[in-house]
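Going down the list, the protein sequences come from chains C and E. FYI, in our numbering the residues of the first sequence are 51 to 166. FYI, in our numbering the residues of the second sequence are 4 to 115.
Be careful, since some hints might not be right.
Result set (BS3-like, lysine-lysine): computed pairs, CA atoms no more than 27 Å apart in a straight line [claimed, not checked]:
1. C:LYS128 - C:LYS92
2. E:LYS72 - E:LYS6
3. E:LYS6 - C:LYS92
4. E:LYS114 - C:LYS92
5. C:LYS92 - C:LYS133
6. C:LYS92 - C:LYS107
7. E:LYS72 - C:LYS92
8. E:LYS6 - C:LYS107
9. C:LYS128 - C:LYS107
10. C:LYS107 - C:LYS133
Please keep in mind that the hints were generated in silico from the structure rather than gathered at the bench.
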Amino acid sequence: EPEVTQTPSHQVTQMGQEVILRCVPISNHLYFYWYRQILGQKVEFLVSFYNNEISEKSEIFDDQFSVERPDGSNFTLKIRSTKLEDSAMYFCASSEMYTTSGNTIYFGEGSWLTVV
Amino acid sequence: DAKTTQPNSMESNEEEPVHLPCNHSTISGTDYIHWYRQLPSQGPEYVIHGLTSNVNNRMASLAIAEDRKSSTLILHRATLRDAAVYYCILLPIYNQGGKLIFGQGTELSVKP
Numbered sequence: 051e052p053e054v055t056q057t058p059s060h061q062v063t064q065m066g067q068e069v070i071l072r073c074v075p076i077s078n079h080l081y082f083y084w085y086r087q088i089l090g091q092k093v094e095f096l097v098s099f100y101n102n103e104i105s106e107k108s109e110i111f112d113d114q115f116s117v118e119r120p121d122g123s124n125f126t127l128k129i130r131s132t133k134l135e136d137s138a139m140y141f142c143a144s145s146e147m148y149t150t151s152g153n154t155i156y157f158g159e160g161s162w163l164t165v166v
Numbered sequence: 004d005a006k007t008t009q010p011n012s013m014e015s016n017e018e019e020p021v022h023l024p025c026n027h028s029t030i031s032g033t034d035y036i037h038w039y040r041q042l043p044s045q046g047p048e049y050v051i052h053g054l055t056s057n058v059n060n061r062m063a064s065l066a067i068a069e070d071r072k073s074s075t076l077i078l079h080r081a082t083l084r085d086a087a088v089y090y091c092i093l094l095p096i097y098n099q100g101g102k103l104i105f106g107q108g109t110e111l112s113v114k115p
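Start from the sequences and build out the full structure, keeping to the hints where you can.
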């Protein structure tokens with residue numbers, strides 16, 4: 051079964067450093083997303099991306115965050131200057147089209163980011 | 004965004020059916036009811052969704068009340084692998100971009 055893959059599975063970084071989390075969405079999917087989950091808390095929406103631009107973003111997704119689809123297969127989340135509170139599990143997801151009656155969102159296994 | 008209410012936790016015995024309830028009294032006519040689950044240390048996983056009629060798939064069944072203000076996810080025979088947090092999420096039919104709003108969900112534990 052096709053799956054969303056994410057790298058790295060775990061990254062430790064120093065506060066203030068830039069981090070890039072990488073994702074390979076399912077190949078025929080058109081919508082791409084990033085969510086995050088701080089330890090012990092809810093899964094939170096960060097951003098959705100369609101047709102090479104951001105469709106929607108949450109309040110969490112401030113100027114420190116950016117997303118990019120640098121080629122036909124990868125989808126990345128960049129955090130420019132990490133803060134301690136950015137420590138979380140980051141999930142990439144993709145879907146074939148709008149999340150309407152016929153479609154579902156497929157999530158990756160996550161990238162665990164620890165900022166020290 | 005329409006809200007859902009779920010019990011914080013439930014317990015089940017292995018190989019017994021499990022009924023996970025969800026209240027969504029402010030649901031609108033164009034909201035689909037989606038269920039996702041999150042196994043320990045994994046990403047969320049789609050389980051099932053429906054609009055008005057009951058739905059079945061290989062993982063579970065979804066029973067939707069006639070007034071649509073509540074629904075129940077049914078796992079017919081719980082296995083240890085079904086231990087997870089289950090999320091009931093309302094998704095407008097015209098929701099472009101897949102903005103799933105996760106609540107706290109119901110943490111299901113399964114006893115051998």
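Going through the numbered hints above, which ones does this structure break? Give me the numbers in ascending order.
No hint contradicted; all consistent.
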